[in-house]
Amino acid sequence: MTDDALRIGTMRFTNRLFTGTGKFAANAQIPKMLAASGSQMITVALRRIDTTAQSENILDYIPKEVTLLPNTSGARTAEQAVRIARIAREAGCGDFIKIEVITDMKYLMPDNWETLKATEILAKEGFVVLPYVLPDLPLAKRLENAGAAAVMPLGAPIGTNRGLETKPLIELLIENCTVPVVVDAGIGRPSQAAAAMEMGADAVLVNTAIATAADPEAMGRAFDLAVKAGRTAYLAELAEASGIARASSPLTGFLDD
Amino acid sequence: MSFFTVVEQYQKFDFERFFSEVTDSAIERSLAREKPGPMDFLTLLSPRAAAYLEPMAHKAHQLTVQYFGRTIQMFIPLYISNHCNNRCAYCGFNHNNPILRRKLDLDEIEREAQAIARTGMQHVLFLTGEAHHITPMEYLLDAARCLKRHFASVSIEIYPLEVDEYRQLREAGVDGMTMFQETYNQEVYKRVHLGGKKMNYHWRLNAPERAAQGGMRAVNLGALLGLAEPRSEMFLTGLHALYLENNYLDTEVAISLPRFNDAECGDFRPDYLVDDKTFVQFLTALRIFLPRAGLTISTRESAAFRDRILPLGATRYSAGSCTGVGGYSAIKVEQTPQFEITDNRNVDEVAAAIVAHGYQPVFKDWDCIE
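Chains as they are written, first to last, in the working numbering: chain A, 18 to 274; chain B, 1074 to 1443.
Chain B extracted, bound-state conformation:
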């Protein structure tokens, strides 16, 4: 059993036709449903449901306040290596890009950790590219142990691992993993992943499930919106989350909604752009479909937009982010980031904005005590 069995069910599904047949009354029914199912979710993702954005936003707001209160959990990403053997057409770390490659040694990770800890952040997400020989398990385990000394909670966004490797990281103090499938569409996946281990769609698709099996407390999914038709991508992301919720009751599932912004680096031009209105429709539809799932909003989004969408279903915000290697403690930095940040405020500024909008920024929400 794998989430792929669900992907397969929708491989021949005619999304365009479904959307063209959605009626107002179907949208109203889906919106009123106490326990919306997958088809209700898809209905709320339809272009026609954009006319129902206001009632969707109200329902999403009510559900979020009910289950999460007026709180936003804060975290910060830490890039420890940009070495990567993959050739992903859209990524700044693409193996073919002639950028300076850096891998932090343990002393440098320690310095970065100290610099981040001074901002008050207690939840850290560390990231690498995919280069097994340069950032092998031993390195990842050392990094995890080092970071655990400074932070209440340590998560990973690294290349896919085996169940047992997730278990080892869990024992080293890591409690969450993030893995973006990028696209659930196999053809598009093949087209944009041109080299490296990441070409293996299935290995990546099943990584969140392996992480859950390895004992990770939290798993965060996402599709890079813009690579393939976004509504169907959002739909499959939601189903992926549901699949994990249903099969791994003890795992907290969260979803990110990364989308291309205008300033995206490199020559890559995505086939689709998700505008703000559609983004909000996705966010609110996700909340209605998965009331208890975490919804993560990164600094890819602008400061103004992030402030406005606080009440619409979001539960986790990154802040003060630097997507280059060694950026926090001013270790000599190669300035090529993995992606462009548009919310450049520091941690205090983001926290103050959250407070100003009637929400409480939560810096410590869990202490990995094992």
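So that you can see chain A by itself, here it is in the shape it has in the complex:
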């Protein structure tokens, strides 16, 4: 493999672990985690960015070489997401935007319908749009047509650490989407991240599992290794697991005799 870089928009990523800024005990842990994990893209909720802050500004903790992926967390409608995206761009956060529209505060499920509407508007305005969605193939194709730069299906509800519960649905996206598929939300363990990469996801986004670990720096490193292992296995074309034993003395071997 000569160049296995992931391209999203005009950016090129050699590391396929995306991270997040939420839930850390202290913002000072973020740059350490980024260095340890090698992550080249980090998502940050615009609602937490405080440019007028007397309290600290979270952006000061993100090194320049790491791509900012502002997200629209807190938006409950496409209109709000669009407004947040524009504010993020004006605030100097770049053209990348993760659309997160959640109208359900109980399970925090993304609202696919509003997300599609916001994607249609923002892609036309030149944003690099990464929509966070429930894995749904027809929707993913619509997002692609609307100009999404990637699709980000959830593996399990946000913050649950339950892993790839939506695996069969994500597989359909991986098989059929032309844009990168980034598994976002629900990944609680490095082994689950490895599994997502093995099945052909282009990247994973992990926040809670790293931020709430007793040692976020070490956990960031563990996820980096897992993502690399999973990616390498995918590229090496995993042998299919088989329920049928392969006897060293084949039953039909006599036919070749």
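One or more hints might be untrue.
Calculated lysine to any residue pairs in the SDA-like style (CA-CA distance at most 25 Å, straight line) [as the list claims (entries may be wrong)]:
#1 A/Lys123 to B/Lys1176
#2 A/Lys123 to B/Gln1286
#3 A/Lys49 to B/Gly1431
#4 A/Lys123 to B/Lys1270
#5 A/Lys184 to A/Glu96
#6 B/Lys1221 to B/Gly1287
#7 B/Lys1270 to B/Arg1342
#8 A/Lys49 to B/Gly1287
#9 A/Lys123 to B/Ala1426
#10 B/Lys1350 to B/Ala1105
#11 A/Lys141 to A/Asp112
#12 A/Lys123 to B/Pro1111
#13 A/Lys134 to B/Tyr1321
#14 A/Lys49 to A/Ala246
#15 B/Lys1176 to B/Val1261
#16 A/Lys123 to B/Lys1350
#17 B/Lys1221 to A/Arg100
#18 A/Lys123 to B/Arg1342
#19 A/Lys123 to B/Thr1078
#20 A/Lys81 to A/Gly143
#21 B/Lys1221 to A/Arg106
#22 B/Lys1221 to A/Glu182
#23 A/Lys49 to B/Asn1334
Just so you know, the hints here were simulated from the structure itself, not pulled from any lab data.
Take the given structure of chain A and dock chain B to it, following the hints.
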């Protein structure tokens, strides 16, 4: 449909008997349940479950870190009027109390806002008593618009409104409402609410639901623990939150646990006192029952206690609070507060204590962008 249909279901429920029949194995089952139901919640609120405080605390801690991370959202209350026509036996603003009544005019609200903004606080909760003719809708709307210019998020803790009035405040920039039912027990409610519109139990009970219907992003509930038997009060508060979560998926629901402290003003003596151990049991049981609900801890609680309960399920802290009118910008203040504050630290001190305990104080968690 109203939450009252749920209250009714438990009106004849024999809580004492239920508690007396709770077994250790029932508590262990409830504690292990992935999705605890109302009866699991009640089991965890039982006196017997106090013996399981440590495992309850561990589970509450784990759930809180999982869903909220190690963060505490900060807010500050701003009293803009203490005029009140209600006669609530336990309240410092009781109409019968001969205290100096003050209502801030818009210039004074502006000065208070500037003083608060200097502390770094970005989420403000403004409060009034219930005096419709003195603090009418127009006044509330003006106050909201004024505060919105200074803060990322503005919430209200005022008298109950109509759905459309909540909608108007929403449009003026208010995104959250707090409403304490005080007690879910109708008899006790009647006994302590002796005059004014607040005597109407149902009008108040349905206010959080009307706020959700009016588009408020966040609703915060609470029972004033001590007025009626606290375990059943906590139970109904939790069910009220669940009712709102289930019916208004797009509304964030949070719960406060106000309790009487020893220094409570006035002659009122509550029938019950909730000690620290029971308070922690309530806090952890709430977290286990409602993993995603906000849990608000005010400055009614002492500094030392607030620091210790950070990892036990709390998600929202007030700080630097003054519960008198005009207290932040030193407008001539009548010192009678609505209730006594026991955590008197300023915003920086509370934030520093939160950091020292391994948590991040979050000053800005939402910007009401409409």
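Item to complete: Determine which of the earlier numbered hints do not hold for this structure and return their numbers in increasing order.
Response: Per hint list: 1, 4, 5, 8, 9, 15, 16, 18, 22, 23 violated.
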